[in-house]
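Between the sequences and the hints, there should be enough to build the whole structure, so can you do that?
Protein chains in written order, with this note's numbering: chain A, 5 to 234; chain B, -16 to 145; chain C, 204 to 562.
FYI, nobody ran anything at the bench for these hints, they're computed from the structure.
Treat the hints with care, as some may be off.
To spell it out: a stretch of chain C is covered by chain B in this simulated footprint if at least three of its residues, at any positions, have a beta carbon under 8 Å from a beta carbon of chain B; those stretches are [stated by the list, open to error]:
1) 269 to 278
2) 362 to 368
3) 386 to 394
4) 404 to 410
Just some of the chain C residues that point at chain B, by a computed CB distance under 7 Å [stated by the list, open to error]:
5) Val322
6) Arg323
7) Val337
8) Ile340
9) Lys342
10) Tyr381
11) Pro498
Since the structure is predicted, the reported quantities are computational estimates derived from the model, not experimental observations.
Just so it is clear, CB atoms sit at the ideal spot from N, CA and C, and this is done for glycine as well.
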Amino acid sequence: MSNTVALPSIARRLSDLLSPGVGANDKPKRKAMDRPRTDEDQKLVARTQSGEAGAFDELVVKYTPRLYGLVYNMTSNHEDTNDLLQDIFAKAYKAISGFRGKSSFYTWIHSIAVNMTLNFLKKRGRRFHLSLDDVDASIQNDKEFIELTATSSPVREADLSELQRRLNEAMMKLSEEHRAVVTMFHIQGMPHAEISKILRVSEGTVRSRLFYANRQLQNYLDEFRKNPVS
Amino acid sequence: MDEFDDKEIATLLRLKRHEQPPPGYFDNFLHEFHRRQRDELLRQPLWRIGLQRAQDFMFRLNVPALTSYPAMVTAVLVFAAIISLKVYQAPEPVRLSAQAGPAFAAPLNPGSELTLASPVATRVFTAQPLRNFDERARTHRAAPPRYVLDSVPVSYESTFRF
Amino acid sequence: MSRPSDFKSPAGFSEGISQAVMGKSAFALILCLVAGSASAQEQSATSISREVKDVFARAARAVVKIHGNDEHSEIFGTGFFIDPTGTLYTSYTVGGEAGNFTIEFDGKKYPARQIVADVRSGMAMLKIDAATPVLTIGKTEQLEVATPVVTIGYPLDLPETPSFGMIAGFDRKYLGRYFSTTHLRVNLPTQRGEAGAPLLNLKGEVVGILVSSLENNSSCYALPIEAAEKIRSDYVRFGEARHGWIGINVSEAKTPVEGSRAEMADIMPDTPGADSGIKSGDILLQVGRTKVHEPEDVLDASFFITAGDTVPITVIRGSEKLTFDVQADFHPASKRPAMSATLEPNRGIPLNLQPPPKK
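And the structure:
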């Protein structure tokens, strides 16, 4: 039972986004989610390693929202995400005394998160249960959302809410590894270099996985476009 | 152009950032994390709890002589032995309350068709109010106030027994 | 995100009356009847509204905002007085693991102390020193699915707020995990800060304590008031909650015997069950006042046993119906070890994270 994205169903036209007026030649500006400062993290890790109560808590509070996004978009299930996040931080806490700082804490904890989620997904196999989060009101202030909803045209109408639902389904059809790169690059806004460090693959592999995943998603959404009733 | 292209996919994916958990979720997360850590702690074998407490005690004493490794190990072992002796005076099936959870999550009758969620059932608490929460407030960065309404009950039973 | 309660406005009786067909007097008669029933419908809708308002007006004074501090932060919840000397009920999540409590009541703040905190039931009792209004205790056996109910709570940083809904079910478990005792599932909107709120019937009697919410706060679970009263009764008698323990695991019998499928499986050694004469394979019919038909029923039966009390247990063995009077011991989940142990009573584990394991 999936929660549909709680957006008003108004007709949209996506191609308007690409009309010359919007600057189709510009690469769409990808804003990474705020990258935390490494020196702050280093201090917190050091304090944790020295046994200070509360230092690890600060890391938890700092990283939960980021890691939530990562895990949730890979699992599409809020409850599983919650359980996984607990396990991820528990594992990080146990292992932190061995953390030497060869990579940043950011990379380290994201690796733990991605690997645990991938293992979880592989064990779970094809049986998945969507338990989607509602769309937060903050979307109203999102520039791209505003652009999307401000334009309308009788030429091609696509229900954005339905489209989001299809996108979530399409995401679940990708393999776990492809979903991971799509999540990290498009949703979390991480650069290729960071993703390659986290997954321990080359940047080339990251790019080719993204390319392939994009094709897959396009195909699924096109199928929906052609057969809207299903 | 009838097909979706990369930009559209990218935009739609990016908008997924706005799919967020219910309000209050993140505030509650740390609290849940601590509760799970405690549950796990209670599930450890008694000797290990004793050892950790002893280590902790030694660490806090911060006596230079005792922080030398062999001295510490000896002290810890002695401490653990004392604790173990005290504890194991209890009759076999009724262990120290701290271990009540796992010790009594008795295995289900193999013939039973009922499967209940594992693991630990009800757990222990101390009726005394927490010590040092003022002190703790100082070491933590001030967290926002939490308006309480959890989404799961605090305890559950793992077997049918009375 | 609260949703306003759904009140149906009186149906449009003016539709469907075909004036052309009726004579004037007939029409007048019909109009009177229609006006009568329209106002009756209106009355019943407004009477529910009035009842809810009455409940709120009478009960709100006894409902208080609780402020405390736990290891991480300040916490806020709700509670309510159940005796005139300032004893109040709240949920364990509010009053169980925090300290430095203050209660806001009648525009003033009072310090409060914790007197009982019971994980198994999910409730806690605090006390202030003041003369207080009281909520009357009701009975959950009078509730049915769709019985209307009201809560009064302190959501977020807002003042006392009513919410209206109905009983949705009586649940033994949630998402596969069994409660310690049957809980009331209630369809009414709740917000954070309302844990510990009283669940009231339309007579204004308290029938439950709000303990957790489900599904984006559109429903909730409440601990039945009888469960809280059991804990309070233990406290009055012994100064603490005393969960009782017989020591028997129950499983499902292949065929029901005299209406019961609950079969005694393992009887744990060194427990009152072991010395009672009850045998593995006996079919359980009744524990104390609780009739047993299936293994699940044992959860409620178990919850209401008090350590030290003698419990009559009725079983069927073969064709014989036997009753055993067994004195319950302390439940393993309660903080007191067995009565025969020599350990200090208040031994517990410090509730803070251990420093990370040193390599």
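Results of checking the hints against the structure:
1. 269 to 278: Answer holds; 7 residues pass the 8 Å Cβ test.
2. 362 to 368: violated (count 0)
3. 386 to 394: The restraint on the region 386 to 394 of chain C holds, since 3 of its residues have a Cβ under 8 Å from chain B and three suffice.
4. 404 to 410: violated (count 0)
5. Val322: Check passed: Cβ of Val322 (chain C) comes within 5 Å of chain B, closer than 7 Å.
6. Arg323: Where the cut-off is 7 Å and the nearest Cβ of chain B is about 5 Å from Arg323 (chain C), the hint holds.
7. Val337: Cβ of Val337 (chain C) sits 23 Å from chain B, so the hint is violated.
8. Ile340: violated (22 Å)
9. Lys342: violated (22 Å)
10. Tyr381: Hint holds; Tyr381 (chain C) Cβ to chain B Cβ min 4 Å, cut 7 Å.
11. Pro498: Holds. Min distance 4 Å.
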